[in-house]
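The sequence shown begins at 804 in the numbering used here and counts up one residue at a time.
Please note that the accuracy of each hint is not assured.
Unchecked claim - With a straight-line Cα cutoff of 16 angstroms, these simulated EDC-like cross-link-like pairs (lysine to aspartate or glutamate) come out:
no., residue 1, residue 2
1, K901, E826
2, K897, D885
3, K897, D874
4, K879, E857
The set of hints was computed from the structure by calculation and includes no laboratory data.
It should be emphasised that the depicted structure is a prediction, and the values quoted were computed from it without experimental measurement.
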Amino acid sequence: MPSAIVLSLLNSIPVQSWTFSCEDVIRIGRATDNHVVLFSAVVSRHHAQLQWSEDNGWQLQNISPNGTYLDGTAIKEVTVTDGMVIRLATSGPKIQIKVNIDVGDEAG
Numbered sequence: 804m805p806s807a808i809v810l811s812l813l814n815s816i817p818v819q820s821w822t823f824s825c826e827d828v829i830r831i832g833r834a835t836d837n838h839v840v841l842f843s844a845v846v847s848r849h850h851a852q853l854q855w856s857e858d859n860g861w862q863l864q865n866i867s868p869n870g871t872y873l874d875g876t877a878i879k880e881v882t883v884t885d886g887m888v889i890r891l892a893t894s895g896p897k898i899q900i901k902v903n904i905d906v907g908d909e910a911g
């Protein structure tokens, strides 16, 4: 079973958060069929996804031609670490990822 995960949209302080505890795949993008929908011109309809693996934990995959960045470097796929901040496209929104959280702590 996947560990709980929280995605927080950042703008100097978190402005929106999404908590997931049962999904094996979490999709991020501009289209309304994503789990996390972001209305930004630089975000692709289907931009990135997080996928749970029993062997490797959460994996972040870029699926956009606009790129997904970690510490200013474009990534194709990386293992998620607690507190990491990704950016969608070079000038797009930043998202902080927290893993292994107690879902009850985030509900308040």
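Original post:
Can you list which hints this structure breaks, lowest number first?
Top reply: Number 4 - this is the single hint that the structure violates.
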